[in-house]
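Colleague: Quick mapping for you: the protein sequence lines, in order, are chains A and B. Numbering follows full-length UniProt numbering, in which position 55 of the first sequence is assigned residue number 55; successive positions increment by one, without gaps. Numbering follows full-length UniProt numbering, in which position 21 of the second sequence is assigned residue number 21; successive positions increment by one, without gaps.
Honestly, the hints are just simulated from the structure, not real lab data. You can take every hint at face value.
The list makes no distinction among identical chains, and a pair is therefore deemed to hold if it is satisfied within one copy or across any two copies.
Restricting the straight-line Cα-Cα distance to at most 25 Å, the calculated cross-link-like pairs of lysine to any residue (SDA-like) are:
no., residue 1, residue 2
1, K94, T64
2, K94, L35
3, K94, L61
4, K32, L61
5, K94, P83
6, K32, D62
7, K16, D62
8, K94, Q56
9, K32, C82
10, K32, D60
11, K16, N65
12, K16, L61
13, K94, N65
14, K94, E66
15, K94, D60
16, K94, D62
17, K84, R71
18, K84, Q56
19, K32, L59
20, K94, R71
21, K94, L59
22, K16, V5
23, K10, R73
24, K94, G63
25, K84, L39
What follows is each chain in one-letter form.
There are 2 protein chains.
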Amino acid sequence: MSAEVEEMLKRFQALKNVVGIIVIDNDGIPIKTTLDNTLSVHYAATMQTLREKARQVVLDLDGTNEFTALRMRTLYHEVMLCPKDDYFIVVIQKPCE
Amino acid sequence: MSAEVEEMLKRFQALKNVVGIIVIDNDGIPIKTTLDNTLSVHYAATMQTLREKARQVVLDLDGTNEFTALRMRTLYHEVMLCPKDDYFIVVIQKPCE
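The following block holds chain A by itself, in its conformation from the complex (with noise of 0.2 Å):
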């Protein structure tokens, strides 16, 4: 896992105006980041139940479909999450002018 998730922080990282990136095991728990430790371990502990909720919402509009992304925007900044097979990535942006 760690080469594609090494290759993705630097994809994300990349990208306009990315103000944090959490890699999130499918407990919860922040395996990467670059905010620090309190916020890693809050964003991950809600974007988790987030995530989970999202994949239960499609699977349960259709059996065979199946939750790949979702960018949610809020008043103060955008927040993009990943789902993986054994782990989710969080990235949040600053709006863009």
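We have chain A already, so just place chain B on it with the hints.
Modeller: Frame of chain A; chain B shown alone:
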């Protein structure tokens, strides 16, 4: 609300690859839809739970922040969710080629 909703519907219908639009009240009931009744009710109920989860997650991370939009990609389509005060809009699109 009605004129505002009609205006939004027009705007969303003009988007590329739109296959369905549902306007849903805060109780998860579809109040306007371009899909059949069964599918609209199913989408409305599940998307209401996703909207609520997104709202909670954003508030939990920062009590002064607010969830303003969500886009979810699945194997078969993309779903956009826009919350308003009294209702929210779900737009289902085929992924861009």
